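Novice: Sequence:
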Amino acid sequence: MQTKEDLKQKVCLALDVDSSRQALELVKLMRDHVGMFKIGSHLFTKVGPKIIEDVRKLGGEVFLDLKYHDIPNTVANAVRMATRMGVYLVNIHASGGLDMMYAAVMAATSEAKDKQIRKPILLAVTVLTSLTNRILSEELRIKHDVLSQVVHLAELAKSAGVDGCVASPKEIVAIREACGSDFVILTPGIRPTWAAEKDDQKRITTPAKAVKAGADYIVIGRPLIKAASPTEAARKIIEELIQDSE
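Mapping of the sequence shown onto my numbering: position 126 corresponds to residue 135, and the numbering continues sequentially without gaps.
Heads up, a few of these hints could be off.
Unchecked claim - Each computed BS3-like pair below joins lysine-lysine, with the alpha-carbon atoms no more than 27 Å apart:
(1) 66 <-> 76
(2) 37 <-> 59
(3) 124 <-> 59
(4) 221 <-> 76
(5) 235 <-> 179
(6) 55 <-> 13
(7) 76 <-> 152
(8) 37 <-> 76
(9) 179 <-> 13
(10) 37 <-> 245
(11) 179 <-> 66
(12) 76 <-> 128
(13) 152 <-> 179
(14) 179 <-> 245
(15) 17 <-> 128
(16) 37 <-> 235
(17) 76 <-> 218
(18) 17 <-> 221
(19) 66 <-> 55
(20) 37 <-> 128
Keep in mind that the hints were calculated from the coordinates and are not lab data.
All of these numbers come straight from a predicted model, not from anything done at the bench.
Produce the complete structure using the sequences and hints provided.
Specialist: The following block contains the structure:
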C-alpha cells in the first residue's frame with residue numbers, strides 16, 4: 010500500500026495564475042501538501058524563466074509544461090535549457106515526430122551529463138484533453154480515434170527513448186498495457202467529485218480513479234486554486250487517494 014507521502018508526490022498543482030506573486034504565494038501555501046508545481050505557458054509567458062528558479066528556491070519541484078513542438082534542433086536546445094534550469098519534468102509534443110523526440114532525449118541526457126546535474130523526466134504530449142474524436146476526424150483529418158492515436162503516439166515516444174507521456178485519464182490503462190510499468194504517465198483532466206467546474210477539458214476523471222488506473226502523476230489546477238481553502242482541498246484529495254488504495 011502506498012503511503013500518504015507517496016500519494017502526495019503524485020499531485021502536481023498547476024500554477025495557472027497571472028503573476029509571480031500569486032504563484033509564489035501558492036507555492037509557500039501548498040509546498041507541504043503537493044509534490045510538484047506546474048509552470049505552463051500562461052505564467053511563463055507573463056513572468057519569464059526566473060519563476061522556475063524562484064519556485065525551486067522555495068523547495069518546490071517544477072514541471073515545465075511548455076509542450077515544445079518545433080524542428081528537432083530548436084526543441085533540443087529548449088530541452089537543454091530546461092535541463093540546465095533544474096526542472097523535474099519537461100514535455101514535448103509527440104506529434105513533432107520521432108527525430109524531434111530523439112533530439113530532445115539526447116539533449117537532456119547530454120546536458121545532464123556535461124553539467125553533472127539531474128536529468129529531467131521527459132514526457133511526450135499525446136492528444137490534448139480538450140480534443141475529441143470529432144475534432145480529430147473533422148478538423149485535424151486524423152483517421153484514428155482518440156484512444157488509438159494516443160497509444161500510437163505513446164509507443165512512438167517510447168521508441169525514441171522518451172521517459173513517458175501526457176495523456177487523459179481515459180487512456181491510462183491502454184498506455185500502460187502498450188508501454189509497460191516503467192513508462193511514466195502524467196494525467197491532466199483531473200476533477201474531484203466535489204469540483205463543480207469541468208472547464209474546457211473533455212476527457213476527465215477523478216484523482217482516485219486516475220491513480221487507480223495507473224497514473225504516476227496527476228495535474229490539478231482550478232479545483233485547488235479556486236477552493237475556499239486550497240490546503241483543505243488538497244487534504245481531501247490525498248485522503249480520497251489513501252482510501253482508494255486500501
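Novice: Hint by hint, say whether it matches the structure.
Specialist: How the hints compare with the structure:
no.: 1; hint: 66 <-> 76; in the structure: holds, 24 Å
no.: 2; hint: 37 <-> 59; in the structure: holds, 17 Å
no.: 3; hint: 124 <-> 59; in the structure: holds, 20 Å
no.: 4; hint: 221 <-> 76; in the structure: holds, 26 Å
no.: 5; hint: 235 <-> 179; in the structure: holds, 25 Å
no.: 6; hint: 55 <-> 13; in the structure: violated, 34 Å
no.: 7; hint: 76 <-> 152; in the structure: holds, 23 Å
no.: 8; hint: 37 <-> 76; in the structure: holds, 26 Å
no.: 9; hint: 179 <-> 13; in the structure: holds, 25 Å
no.: 10; hint: 37 <-> 245; in the structure: holds, 19 Å
no.: 11; hint: 179 <-> 66; in the structure: violated, 35 Å
no.: 12; hint: 76 <-> 128; in the structure: holds, 17 Å
no.: 13; hint: 152 <-> 179; in the structure: holds, 19 Å
no.: 14; hint: 179 <-> 245; in the structure: holds, 23 Å
no.: 15; hint: 17 <-> 128; in the structure: holds, 22 Å
no.: 16; hint: 37 <-> 235; in the structure: holds, 16 Å
no.: 17; hint: 76 <-> 218; in the structure: holds, 25 Å
no.: 18; hint: 17 <-> 221; in the structure: holds, 14 Å
no.: 19; hint: 66 <-> 55; in the structure: holds, 20 Å
no.: 20; hint: 37 <-> 128; in the structure: holds, 25 Å
When held up to the earlier numbered hints, the structure conflicts with 6, 11 and fits the remainder.
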